[in-house]
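Engineer: Chains S, C and Y supply the protein sequences, listed in that same order. Under the working numbering, the residue at position 193 of the first sequence is numbered 226, and the numbers go up by one with no gaps. Under the working numbering, the residue at position 206 of the second sequence is numbered 311, and the numbers go up by one with no gaps. Under the working numbering, the residue at position 186 of the third sequence is numbered 908, and the numbers go up by one with no gaps.
Calculated directly from the structure, the hints in this document are not laboratory data. Every value quoted in this text rests on a predicted model; they were computed, and no experiment measured them. Each residue gets a CB set at the ideal place from its N, CA and C atoms; glycine is no exception. Be aware that one or more of the hints could be misleading.
Calculated pairs, EDC-like style, for lysine to aspartate or glutamate (alpha carbon to alpha carbon, straight line, at most 16 Å) [said to hold, decoys possible]: (1) C:K377 to C:E219; (2) S:K41 to Y:E862; (3) S:K200 to C:E460; (4) Y:K876 to Y:D888; (5) S:K198 to C:E138.
Have a look at the derived ranges for each label pair, beta carbon to beta carbon [said to hold, decoys possible]: (6) S:R236 to C:D380: 55 to 65 Å; (7) C:G164 to S:V67: 22 to 32 Å; (8) Y:E846 to S:G60: 33 to 43 Å; (9) C:Y246 to S:G60: 51 to 61 Å; (10) C:E251 to S:V67: 38 to 48 Å.
Pulled from the structure, derived: some chain Y residues nowhere near chain S, Cβ distances all over 12 Å [what the hints assert, rightly or not]: (11) G776; (12) E809; (13) Q819; (14) E846; (15) A853; (16) G874; (17) H887; (18) D895; (19) E937; (20) R961; (21) M986; (22) E1012; (23) E1016.
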Amino acid sequence: MVSGCLAKIVSSDTRHNYVLHYLAALGVVLLTPVIFGVSRLDELLAAQPLEFFLPLMGAILMPAVFMPEQNESIREVVRSKKTPYLGVCFMRLLCGAVFITALTGAFVLYMKSMDSVVTMRLFAGSLASTFALGAAGFFASAVSDNVIVGYMTAVIYYICNFGLKDKLGVFFLFSMTTGSFEEKEWLCILSVVLVVSGFVLRRLFRER
Amino acid sequence: MLFGKECRRILTSLTFIIYCFVVGLFFVSQYIEENKGDPYIPDEKISEDHDVIMNGAVGNLANEYLANNYICYPYGFYKSVRLNEDDSQKVEECLLEVTGLTHDELMDIRDSGEHYYVEHGLQETMYYEIGELPVSDTITYERFCELMGQVDDILGGGSSYKVEDLVVTYSYVPMTEEDREAVISDLYEKDRVAGGYARLFSDYVGIDLGIMPVFVAAALVSADRRKRVSDLIYTRKISSLKLIFTRYAALVTMMFIPVILCMIAAAIQLIKYFDFNDLALYRMFTLPTFWLLPQLMIVTAVAMIVTEVFSSGIAILLQFAWWFSSIMASGAKLSGSISKFDLVCRHNTVFGRDEFMLSRNDFIFNRIFFFIAAIVITAITAYVYELKRGGRFHGIRLFGKDSIFRHKA
Amino acid sequence: MVREIFHVILFGGDKMEKKIEIKNVSKFYGRKQALFDIDLTIGQGMFGLLGRNGAGKTTLMKTLAALHRKKGGEITVCGVPIEKAKEIRAMTGYLPQDFSMYPSMKTDEALDYLGALSGIPKAERKKRVTALLRKVNLIEHRHKKVKELSGGMKRRLGIAQALIHDPTVLIVDEPTAGLDPEERIRFRNLLCEVAEERIVILSTHIVGDIEATCENIAIMDEGKILWKGTVEQLIENARGHIFTSNVEKRFMPQIKKEYIVTGMLSQNDYTTVRIVSDSEPDLPNTVLTEPDLEGAYMYCLHSSGCDVKGGEE
């Protein structure tokens, strides 16, 4: 019974609210080999597309989690139901995460087939950057109740990595291109902290 | 007055506050903190010596041709290109014409030298040590450029044989002491100091202005729809042209104010570190305004029309793509290569006046083009708004049955 | 079935007491107090919550639907404390004042989706969606998208989604505002039907809705309960305080200033006015009149010290 309802919620929700987002994320993956070389790359060069471009998927999917209910009238109706509203939002996040992981995995395998040196740590590192970037946008969107602010925050964080690398420290997204993987653990922690606190703050201040 | 009211709306919007914060943050961290009166003088200068350029390009091309591995940066990122036989043949023809060699002579040179292997991913590429190749006496520089352009086309663009970048890629020679003195003298005498710093200022701030305004503009335009007041505004007396242009003017004005404040801060910094008599301080305002205002205008105009026709999400996506490709296309060449349609014009040095002047005409065309285009696009936005107001157009939805045009009940 | 029989033997039949108890409940928005010590008991059937705009009706409704958190006091819905939000939402159906759904969803799909959110299994959901669409007269529009529905149709969809999980309590916030008379009557009849086995709380500022459907009501103003009881009691309270007068039209502005005017009927140079007053107004041709609900409501507001104007100049 629960799985039947869950399937319905996820499929309806995705079909009506997120098709464009998933397609845009797919577009990012398809565009990557056009912009970057993906063949015959060593580990450092292979990190470039995985860090510079694929993380944009997170910036597209994660800030938009609260977007369909920006209209308060719809939000009230959805909130009045037995299934917790934030639970629905969490499911969206989870679906986005699964989609991102699958696409990143597929891309990594493609790079491998093009004789590039791609390792498990590159794959995991790419996911860490993706989720960190997305989580920054998610947090801003959750707290401000404005999806544009969410996208803006993700883009700002992305740009900071080009111009303010030293100031970002362990939250630098493009560390693998310099051969460093330590930052990825911190990015994972950052993602979790931002997502959890986004949900908590939203519940405290928006869902009174 | 509507203009004042729109400005006030923008002032209190969260996206604008974040925009101001970001412009200020990047300005302080990248410009103010990096420029404390002691500009870095590069070790090399552009010589524009045709022989130097041709020798450099030919040597690089020969190595890459023989290894069949060309390093390109079409979007500022590394891309290794391998050609099929036909394309490789075309490159060889260009190479042979430039060097004046025959195919056999080239192969002899190749075979006479050592070879070595370089790992590229899971494969190894063989390179040949061939030394310097001659440049044909009969070839003119113009013909050389033509041939290099053909090679760049074959490689898909972004190669080091791109004609516009040949000078900045191959003509660098070490700076002598006299050169260094000349460069500093140019800064003081031709640029009056402020001119050089104005270019650097515009470079840094221009990066933000290529993307940040889209959020403020998209948020304002979509606010009517989001807050469901569109019908209330549609039924007012004000003309669509007046409404849209007033909003546009308010957006551009408000978003340029933080830029002006940064200009003032930069001017104050110049006064702090340089003798006031050496400064033509007005250049810290005139050049950045000419440089940055058209850019801000075009980004805002495009954001408005795309949001009006599609949605704010698509406006952000498209603008990001445009900004990203503009930033990355300039690649590692951060000065001296401004083209007619670059959104973000780069010039990441206080010096390089001569390099900048090489692209001066293109730069002026670029900014005037965007200025006019921004006005035209805003006028089209007003037209679209009028259509929506009259119920003749409801925006375009990218997916859905029946039609790509939205239907309203 | 066996469980139900067992329950009847042990507990005498009532599985769950169908009432809502609200005791000393307050609610704040930041520092602004929206509800002041609300005390109410609402039993099975239609219960009307009447009050002006800004009286606090919507705030109270949302608190009962576990959408807002109270500060102080107790609320139990059929024995379940309001703090158990999930249980409350499982037994409560809520139709907000401004109902809307994802615009691109079709009508039946939107209902199905909300049914899924209510935890109803697929097979059951399919049956209920069809039955409810039929009940609210939307069956022919089931394939229309939500954004293509008229205001009245949307409201009917709203009531359908509030009933999809067969709730014990139905909370409807100003359901007839903006509907034409025919729609309004249809809506009231529907609510009366569903109220037979449920608690239905109807909040409105349209007296006619209360008159047609509710036996028990409460009147709110500025976050407080001014009065609670039956409609008959409210009307009885106003007996002796509703008057009718025939006055010349030219005196109308002055009369509206001095008295609470609840009705005006113009005839040539004269106007028949209906006035609410503590004592007989000093006007010609004044007659004591049988009170109606509207006048009784206005009298209640007036006698509670509310600033009431019967009409603007």
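Engineer: If a hint holds in the structure, say so; if it does not, say that too.
Structural biologist: Cross-check of the supplied hints:
Our distance criterion of 16 Å between C-alpha atoms is broken by C:K377 and C:E219, whose separation comes to about 58 Å. Between S:K41 and Y:E862 the CA atoms are separated by roughly 23 Å; this puts the pair beyond 16 Å, and the hint is violated. Among the hinted pairs, S:K200 with C:E460 is inconsistent with the structure: their alpha-carbon atoms are about 31 Å apart, more than 16 Å. Annotation: proposed proximity of Y:K876 to Y:D888 is violated, straight-line Cα distance about 19 Å (limit 16 Å).
Between the alpha carbons of S:K198 and C:E138 the distance comes to roughly 14 Å, so the proposed pair stays at or under 16 Å and holds. A C-beta distance of roughly 60 Å is found between S:R236 and C:D380, which places it inside the suggested range of 55 to 65 Å. Separation of C:G164 from S:V67 is about 29 Å and conforms to the stated range, judged on CB atoms against 22 to 32 Å. For the hinted restraint 33 to 43 Å between Y:E846 and S:G60, the CB-CB distance of approximately 40 Å keeps it satisfied.
Range check, C:Y246 to S:G60: about 42 Å between beta-carbon atoms, so the 51 to 61 Å window is missed. Distance hint check for C:E251 and S:V67: the Cβ-Cβ separation is about 27 Å, which falls outside the suggested range of 38 to 48 Å. With a least CB separation of 18 Å from chain S, Y:G776 remains clear of the 12 Å interface cut-off, as annotated. Listed as outside the interface, Y:E809 is inconsistent with that label: its C-beta sits roughly 9 Å from the nearest C-beta of chain S, within the 12 Å cut-off.
Not every CB of chain S is more than 12 Å from the CB of Y:Q819 (nearest about 8 Å), against its label as outside the interface. At the 12 Å boundary, the C-beta of Y:E846 falls inside the reach of chain S, the nearest C-beta of that chain being 9 Å off. Residue-level check passed: Y:A853 sits 18 Å from the nearest beta carbon of chain S, beyond 12 Å. At the 12 Å boundary, the C-beta of Y:G874 stays outside the reach of chain S, the nearest C-beta of that chain being 16 Å off.
The Cβ of Y:H887 sits about 7 Å from the closest Cβ of chain S, inside the 12 Å cut-off, so the non-interface label is violated. Look at Y:D895: its CB is around 9 Å from the nearest CB on chain S, not clear of 12 Å, so calling it non-interface is violated. Under the 12 Å C-beta cut-off, the non-interface status given to Y:E937 relative to chain S holds; the minimum distance is some 26 Å. Look at Y:R961: its CB is around 40 Å from the nearest CB on chain S, clear of 12 Å, so calling it non-interface holds up.
For Y:M986, the requirement that its beta carbon stay farther than 12 Å from each beta carbon of chain S is met, with the minimum near 36 Å. Remark: the non-interface label on Y:E1012 is consistent with the geometry, its nearest Cβ contact in chain S lying 41 Å away (cut-off 12 Å). Distance check for Y:E1016 against chain S: the nearest CB is about 29 Å away, which clears 12 Å, and the non-interface claim stands.
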